[in-house]
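Colleague: One-letter residues, chain by chain:
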Amino acid sequence: MRRPDHLPDFTDPPLDEVVLGVQFAPVPGYASVHSMKVWDLFRADFPLVQELPALEPQFETFGGVSAQTGPRIQIGAFPVGSRLWFLSDDENHLIQFQPDRFLTNWRREPNTRPYPRFEGLAETFDASIRKLGVHFESDFSYRMDINQAEVAYINIIPVASFSDAGTWFELWNGGTFEVEALNTSFNEVIRGADGKPFARLSHQIQSVLTADGKQRAFRLSLTFKGKPAGTGIDAAMEFLAAGRDAIVTRFGEITTKEAQRKWGKVE
Amino acid sequence: MGESRMNAQPDFTTAFQDEIPNYRAITDGISSLSARGTRVRVAHPRSAWVNELEKQFDVLTSLRRGWDGYAGVPVSFTCAQFAANLVERLYVRSLPAPQLVPMPNGTMRLEWHMNEFDIEVDVLGPYDVVAYRSDLLNDSEDEIEIQTDFTELAEWVAALAADRVQLQEVAGG
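Going down the list, the protein sequences come from chains A and B. For the first sequence, my numbering gives the first residue as 515, with consecutive numbering after it. For the second sequence, my numbering gives the first residue as 32, with consecutive numbering after it.
Derived from the structure by calculation, the hints contain no laboratory data.
From the structure, some residues in chain B lie toward chain A, with a derived Cβ separation under 8 Å:
1. S62
2. E119
3. F181
Straight line, CA to CA, 20 Å or less: simulated DMTMM-like cross-link-like pairs of lysine to aspartate or glutamate:
4. A:K779 - A:D526
5. A:K728 - A:D678
6. A:K710 - B:E174
7. A:K710 - B:D159
8. A:K710 - B:D180
9. B:K86 - A:E570
10. A:K710 - B:E186
11. A:K710 - B:E183
12. A:K779 - A:E633
13. A:K710 - A:E752
14. A:K645 - A:D748
15. A:K771 - A:E684
16. A:K710 - B:E176
17. A:K645 - A:E752
18. A:K551 - A:D640
19. A:K771 - A:D526
20. A:K771 - A:D678
Glycine included, each C-beta is placed from N, C-alpha and C at the ideal position.
The shape of chain A in the complex, shown without the other chains:
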């Protein structure tokens, strides 16, 4: 996989975390006891494990009431089971698995590492999800039926003052008042060649602090989520690549030239 030439590139981007993931119809007959075999698929590279609450199903739909953040509705008892994190030795890479979700995260912390780039993450994710698909087919006679995919880029931009937002974001034209906190979000509906909506690009800028309150930063989160053109792995990977393209393009559009120079924009 080769990086598209048209995308803005940075030598030191403020990326803190990248997430690639899919949601699929739950595996019939799957129970918690089967999770050991799933871990075995990835254990060589992800030897650590943690258990977390399962994620609720989410669906990007369009038309009708325009909810800025989609409704989060929990119905009945959640299917028995949990979400598992399989972590790499350095804990910078992780796989998230539950019977209807499969995600991978790269994060800068806890052991600061250079960003491996989308191409590297996508290739690893592609190999991992195919491995999982083969396991589902052999043990459950289930062919992965993907109904949603998502890619998220989370940036941490350290600042001296939240009033400096205009230094970093084209969206903010500043002002002379002191900004105590900032939280803004907006969405764009993404349409296919047929004009029909299939994804949503969500943007969020938040002011954040370290726990001791001494260091300030903006967290810029860009998420591309929706329904791939098909239910198979190839379609999901194409969706993720399109999402990355949209996110990186948008990052170049909403951040200032001055900020991009600081992040080492490759001209």
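Position chain B against the provided structure of chain A, taking the given hints into account.
Modeller: Frame of chain A; chain B shown alone:
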């Protein structure tokens, strides 16, 4: 302090925003950052319809096998979740919530019967919806298959609010 050191600081928490009731990070859940102890308060914006139907959704997803006297299975959790998402999106304050009808194969249907319209929405699974409308006043029928875009169905539902019989009588004279 250099940027790389700043970026190495873990556990950023949201600045003074725990007082904002509707605030929710878009990456809540999938991001590993949200597991590092942010103090964001999560809200669940829901319509009156979803609040009203919540228990019914619970009942439909908890039906016993053979609930219909044959081999009927409960409504699948995924199907119900998508239907609830749809109900939220179609919400019109002036209209009653739809009737929820379980189907023996684990899918479900939303129904409205009012103002000389019958609307039935078969939720077959995520992004797999077929909607039917019978216009009893004009003796016509429509059918649409929907994946992600519910604009046309939302227009159907909104049209339920008009008192068409009275409108027709006024127009007729």
